Structure formats: structure tokens, C-alpha cells
Amino acid sequence: MKNFLIRRVLMALMVLLTISFISFVMLKVSGDLAISLAGENAGADYVDFLRKTYGWDRPLYIQYGDWLWNALHGNLGASFYYGKQVMALVAERMPVTLKLGALATGLAIAAAIPMGMAAGIRPGSLVDRIVLFIALLGGATPIFWTSFLLILVLGLNLRWLPITGGTDMQHLIMPALALSFYSMPAIIRIVRSGMVDVMASDYIRTARAKGLRGPAIYFRHALRNTLVPVVAVASVQFGFLLGGSVVVENIFAINGIGYLTWEAINQNDYPVVQASVLTVSAAYVVLTLFADLVNRAIDPRIRLE
Amino acid sequence: MTASTPLVADDQPSLSRSRLPTAGPGLWVGGAILLLTVLLAIFAPLLAPHSPYAQSLAERLIKPVFMGGTWDHPLGTDHLGRDVLSRLIYGSRMSLAVGFGTILISAVLGIGLGLAAGFRGGRTDAFVVFLLTVRLSLPIMLAAIALNGLLGNSLGLMMLILAFFLWDQFLVVSRALAMRLKNAEFVLAARAAGFSDFHIIVREVLPNMTGPLVIVATLEMAHAIMLESALSFLGLGIRPPAASWGLMIAEAKDFVYFEAWLVNIPGFAIFTLVAGITLFGEGLRTVFENAGGR
Amino acid sequence: MSRMVSAAVSLSLLAASVAAATPAFAGKADDTLVATFAAQLPSLDRFYAPGREGFLLGLLIYDTLIYRDTQTFELKSLLATDWKWIDEKTLELHLRKGVTFHNGDPFTAKDVAYTFNFAADPKNKVFDRITSAWIERVEVIDDYTVRLHASKVTPLALQYIVQVPMMPADHREKIGLQAFSEQPVGTGPYKVAGKKGSDIVFERFDSYFDGGPKTKPEIKTLVYRTVPDVNTQVAELARGGVDWAWYIPADQAERLAAIPTVTVVNAPTFRIGFLTMDAAGLATPDGPLTDTRVRQAINHAIDRQAIAKTLIGGSAEPIRSACNPIQFGCEQDVKDYAYEPQRAKQLLAEAGFADGFDIDIYGFRSRPVAEAIVGYLGAVGIRANLVWQQYSAVVQQRRDRKAALVIDDFGSSGIADAGAPTKFYFNGAPDDQSRDAEVDAWLEEAGSTNDADSRKQAFSAAFKRIADQAYWTPLFTMPINYVMSAELEGPVPKDENVEFWKYHWK
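Protein chains in written order, with the numbering used here: chain A, 1 to 305; chain B, 1001 to 1294; chain C, 2001 to 2506.
Fair warning: there could be bad hints in the mix.
[As the list claims (entries may be wrong)] If we take Cβ atoms under 10 angstroms as the criterion, some of the chain C residues that face chain B in the derived model are: (1) 2293; (2) 2306; (3) 2386.
For the record, the hints were derived by calculation from the structure and aren't laboratory data. No experiment lies behind these values; they were computed from the predicted model shown. Built from N, CA and C at the ideal position, the CB exists for glycine as well.
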């Protein structure tokens, strides 16, 4: 266990380092920071002065080391557009996106587990077909289309939910529903196939031979059997939602990390773009590390590949 | 965007385990949709009643024929007076180009790495697995919009950027298969006969992998088409005046609460194609599994 | 099985019950006006908040020395009670007594000097330096008297003063620019109460001074909400979730007008739409746009009448000169390029582009208009690729000499004088893509005298030359649509300077 832990953490650190390098290259490719910082009408002298002040005239590997050192201290520079430290901006915008992602993942799991189980009990049955059709719908409907429909029905016709203007639960339900509808199919499929295996297992056969019936016997056994892949898929889905929420944040006017990134791209504000890509990736790395540890605790048979 | 199953789960449930009820209808319906779209794309100039670019502000927002429009514009006209049907037909080219182009590039990338990792094992394998982990840690949407904003957006770039994010499943599958085939009898025999690794891979191994890889390809193609539409929606996809389904939605989105059909028609087209490709892929999988697949 | 179904049902019931606790809608009930805007304010410090939204912010929490009426454009005393030119370059102003900032500091001459000095200093990189840069020196005579010394004769001086918000010298320096950008303090009718998600909340400043043209607000709370998607703005307006929006496209406004709970008002602005073209070859030396015939072809290729009528709507009219026809000195008798695609093709062929050419075209405001322009250019063979970004990014790229062709618009800061657009787009300004010595000379003349007749003549010559050389493709005037709750009543300005303090519930 200890060995596994160390290797797994080392791997996560290596991945983070690589991603930080990619972010750094991205920032460098985006253009001459000195010119962007100097602003309009700046003379070449001033640009040179900035370049020297910030050390942008040194070899790239030294700049990277420097940048990394600062990044480790939470300093990723200032936004061109907001004039603020980008880490402050990211820290301001991250919580609502995390909340949205967690809510969406929760909804997706809550809907997918019963559906996947119901479908897996009797493959080929009507219930199975319906569930598979729902999964197909979820995977093939663009998120923005789902969002429009939700606004139309829940926001405009029934007036159950507010469309914009807050970060509390009721404001996040519609965007979370739109996101979860899209991330649900992957979980449904995993639960369903786990269930199919359970149904074919010796345990169930024996239980049946003994005359035991009813959903309870499937439920406990199936749940145990599918929990590991569900945790794994759900963590991946959560990571995806952190980035994928850019579309719904745009539609529902949520001031999260996705909207921040989108706006920063349109403003050519690259320090902000790289910081949010970096932060979301880091969040994802930590998340999968966590999921691995959880799974390891659930099922000690799992080995690190 | 069905998530890429992470390596940590010790198997590939989505590929090996799920047994779909019947191969029949799904495969056929999906295949028919895909074929129809390909035909639309190929014969676009013959089928489209108008030029997809011809705009006429005097004839804008004409409703489709089933909503009281005329047969001159069966699916109506958009906010610039362009014929929606013609744009839809030409748009199929863009969606398919994005779909096929992306998987072509990502397949080469993913399969190449997967074979290298599977066959050579050891450090190569460790390195490739590491690359995979890095790729999985990059948030697709955020990184794709960042790259799009950074590099500009043309069709070619779009395919490259999407391919850069969609090779992971190709790698996972080809790597697993390569590990299994490495010690298969026919491979050992070929090696004993003195054939080069390259020869063995191309002549013996790849043909034995086509089934599962085609399945991955269909699913990733659906994925690519969905991503393109999301990018276009955000204004970061294919540029006007090109006709793509994602772009059609992006252009019509401001009308969604009043002239919903303008969004629903391309939306439905994307939905149908993606659902069709998915059905086709899953149908194929069932066929392979029933045939005692690999 | 049944248990699972019941679990699913109870889950959806849960969702419904959370939903049933429906939130307070915006509006009359809690005396809160929720206004939506497409762009976020990067800073609450007016000097670092660009665009129309920045202007509105300036009006809300700050005051200027002189106020310009939003209907008649008459200049009225605000923080300055009176002013007079002592000589051609010296303006003396007397300040209103008893005015305080939101934090209680009294407003005095020191604040005036601080504000102009800060804004004029290029180091501070304020968003709109032009409005203070003409001032060479601010002289404080006593606590309530200042003299502004111009570096040269400045015909637009008063129009500039109208735009400069007065900042609290001591407070701003004490708390620092960073803190000030979050919690700014002005003398204006609303003060910043805080942020809530993407909302900025403003509250009535109860000690706002009486007797000026700006008054204490009737509505207690004003919420600035950023809603990037116009679509969502429209949905919220239809539902009553927000009370006010502007820049709603013609098609959506027309359809919203049919809903009884909202009012749609189309109002004129100083804003004009146009294309700027890289005639001087700054972005692409020897690029196609350096050829006059190509620029003329572009002028002939676009049906501005059709776009104005269908996509802009309201009272939009095509324009032919590089200024708004209602501005002083905006010469109308210039070369007119009618919509003639054939002529455009012919001109392109003469310039050696019989097969057209590829070019990136930058846009930021109205996507449908941009798409239509791309379509018209495509019809004559110019394959324009649309690059869609935010205003500031597009402008930056033109200034960095990367953007050769820009679909632009300009509101002249509400200045009714042709000097406003020309100062920004010609005369060697950063956004000048023509760099024509002859034009610059005429504009220099118009900008350095107070004599109306000679200014008019100089402008006329400049605009004739601009049209002959087709440095711009002038497009149309741009009235905008305001959409508000039917419960809300308030004036709609003719210069986009919305006065929320005059709004009240019916």
C-alpha cells in the first residue's frame, strides 16, 4: 500500500510538471508579453525595459524555472485585462465551477445507477432498451441544445427555476441538469455492464437455485461490483465537467472558471488562459489520485498498471 | 463526450463487457444514417437546391414548408436569407470532414503509440502510459478553446487540435491488443521466419486489430463532431462563411426562443449523425463479440 | 426494481421541491432594478473600465465637472457651478460647495487637480487618455477654484471635461489602485454596495447633493448583471427575471415587443458602423488593401441599405462619410459608393485580383452583421475569414498592426462634433490605418481653431479626401434597442448615457 501510494503520488507530480511545461509553452507562443504589457503607443525602449525587468530576454529554460518557482508560490502574473493577479481571479471563480461540477456529477450518478441496474437485470428487455435509448439521447444531444430546452421549459413556461443571477442551489440546478444529461451515459453503461456480469455470476445463480428472489440480492452484490468503475468514471466525468462547463456557464451567465477562460481567450488575455488550464488540470490530477486511493481502499485487488 | 475510461480501472468495461441485446437494428439504422450522410456530402452540389452562401436579406427568416413556408426553400431561410436545406447539405461535408479527419490523425497517433508501448513494453510502455496520463489530465474543452484562440481556427487546425485530444482510446485499445498479440502463435511464427517488426505489425498484427479499432473510431468520430459543435457554439469553431452544422446553430442561437426551428434543424442533424455513428459502433461491437471477438 | 423506481421518483420530487421555493424575481417588489450587460466590467475604477459599460459606470458612481444633457446635449453645471475661458487656452472653473464623496470626504479643487493629472500621465495608462491629455497644467487657485491650462487651442475641451469623472485624491492614494478598483468611491448618485456572483450591486447614495442636473435616485438598488449570451438576456426579459437590457438585436427586439410585460424602445445614438482598412499597409505591406481600387470595390460590394433596414433596424440609415451626419462638420457631399457588385468585381479585376483574395476580417459587435458583410464580400470574390473577438482585443491587434480589415463601430463618446471620430481614426492615431498626410493636415487645422467656419471647411476637405481614397467603408448609423420591464419607467438617452437615477416604478 505504501509503495503504491508513493508511486502514485510521484506519477501525479510528474504529470503536473509536464502540464506546467505545456502551459508555459502556451503562454510563450501566445505572443510577446512585453508588447502586450506595454500597451498602446509604447516606444521600443519601454518594451525593451519591460523585457529586461521581467527577465524575458533570458534563455527559455531559465525563464521556465523562474516561472515554475513563482507558480509554486501561487504567482502566475497579472491579467492584462483585469489588472489583477491571475491566481486571485482563478481562486475567485473556481468555487462556483467546482460546485456546479459536483452537483452535476451527483445528479448523473443518482440517475445513472438505478437506470443502469434496471437495464442490466434483464438485457434486451423493454426497460433495457428504454435505458439504452436514454443513454443514446444523452450522448448525442449537444449540451447547449439541452440548455435551451431547459430554459424554455423550466425557466420560461413553468417558471420553476431562475435562469441567471446567483450561485446558490436553485440557480445551479438547470446548468447542472444540462451537464449531467451529457455525462450520464458513460455511467449508465458501466453500471449496466457490471449488472449484466452480476446476473451471470455464480453467486446469483446459487441464490436463485436456493429460491431467493427480489431486487435486494442483486442490489447489494451489484453495487459492490460496480462501485469501483463508477468511482473511476465519475471522477473522470467530474474532471470533464470542470472544463466542459464553459458552454453552460456562458448560457446561464455563471461567473466560473469556464466563462473566465472563454472571456480571456476573446480578450487575448493569455496569462489568465494558461492559469485556468493549469488549475483545472491540477484539480483533475488530484481528483484522479483521490479516486485511485478510494478505489484501492474499496478493492485491494487493483494494481497500478 | 463519453469519458475516456482511465487506466486505473483494471479492465475496459466499455469495450469488453457490455453486451448489447441485439446487433441487428442498431447496426443497420446507424449504418444507414452514416451512409446517407456520406452520400449527402458527396453529392451536395447535385442535391442542394441553392448555393449555401447565396444571401438575400430580402428573403430572410422564411419558415420551413411544414410550418407554412414554400417549396422553394423546403427548410426555410436563415437570418441572412440563405437556404437552410442547402446549408444543411453542404454542412454535412464539414461535419464528416471534422469527424473523419480527426479520427484519421488521432488513430495514427494513438495506434502508433499503442503498438510501440504494447510490443516493446518496459520503458517505452511506461513513457507512453505517462503521455496518456498527461493527455487525460488536460481538460478537453478548456484546452481546445485555448488552442483555438491561440492558433486561430481553420478546418485543418480544428482537426489537428481535436485529434490531439482524442487519441487516448486508440492507444488504450491498441496497446492492450498488442500486448495480447505479441505472443500469439502467428506472430511468433513470423518472427521465427525472420520478418521485421514493421512487417509483422503491418501484415499480421494490424489486420487482427481492425475490429476493435473501428469501434473506437466510430465512438471518437461522434465525440469529435460533438466537440466541433460546442466550439462553434462558443464562436471558436469553423469560421463563417463556411457551412457547418455547429456554425449554423451558433448563427441561429439568438433566435432559439422565437424561431426555434432555425436551431432545431441543424441540432437534429447533429443529434441524428452522432446517434447514428454511436449505434453503428455499438452494433459493430456486438457483432464482434458474438463472433467470439478479440 | 420497484424500490429503484421509487428512488428515482423521490429524486425528481426533491428537485421539484427545491424549485418550488422560487426566488425573488427582480423588480418592483424589492425596489431592485436588475440591468443586464453583455460584457463584464474589468474594474470599477472608471479609468480602467473601457467601453459603453465603463461609461455607464462613470455616470453612476462618479460625477463630472460639467454635465451634458442626454436629450438636448446642452452643457450644464454639475460639480463645477460655472466656467469661462480666460484666454484661448485657459479655462477657469468654480466648484460646487458642500459636495461629499461616498466615504464622507469633501470634494475640493485638490481632487480636480489629482484627477486630471493622474489621467493625463501616460504612465498610468488610463483607458481614455485623450480626454485629459490636452491639459498641460492644473492650477489650484483656492479650494473651490481651478484653472485648466491647455497645451494648445482645444475646440473640444468642454466635451472632454464632460467625460472625466472626479476621483477622491486622498482616499484613492491611501487605499491604492487595486483596492479602489474593487471598492471605488465617487460623488455619484449610486455607490458600490458589493458583489454577488457575477452581479455588482449598487445602492442609492443618500447624501447625493440637490440642485444639480443629476438627482438622488428613486430606485434604491441597482444590479449590474453580466449575461454574455444575448439569448439568455432575451429569455430573462421575457420571463421578468431582469428589468433592463440594451443592444438587443432588431429581430429579437421586434419579437419581444409583442410580449405585454416588456417595453421596447429604439433610440438613436452617435454610433456609426464602418470598416477600417489597412490602406497604409501597416499590417500587410503591399497587401491588397493598399490599392485604392480594392478599397473602392469593398465600398461597392456591401449593400448597406439592406443591412441597415433588416439587421440594425429601427431608424438606422446608411452613411457615406466617415462621421455621423448629426455631428458638426460631417460633410455629406462626398463621393458615394452605391451597391454595385459588378462594379466591385470590375475594380478588383483592374487591381489584378480577378480571382479575388483571402483576408482575415476582425469583428466584435454584431455577429449577424459581420456574417452578412462576409457574405457580401464573398459574392464579389473576396474570401474574408471572420475572426471574432472582444472589442479590446480587436483594437489591440489593429494597433499592433496585425489586423488589416476590421468591422468597427464608434460612438464618439457622445460628442456632436466630427472631431471625435477623426481624432481616433485618423491624424496618425494608433487606430489610423491610412496615415495620409493631406487628411492629417486638414484635420490638424480643424482641431486647432475655435472658428466654426474654418473648422467646417477643413473638415469638408478632409472627409472628401477620405471618401475619394476610400480609406473607410462607412456603413450606417446604429440606433439601439432598449428593452425594459413594463413596470419600469425612465428616459432613454440620445447618446447612450443611460441615467438610471431617473428611473422609477410605475
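Checklist entry - Which hint numbers doesn't this structure obey? => result Going through the list in order, the structure violates hint 1 alone and respects the others.
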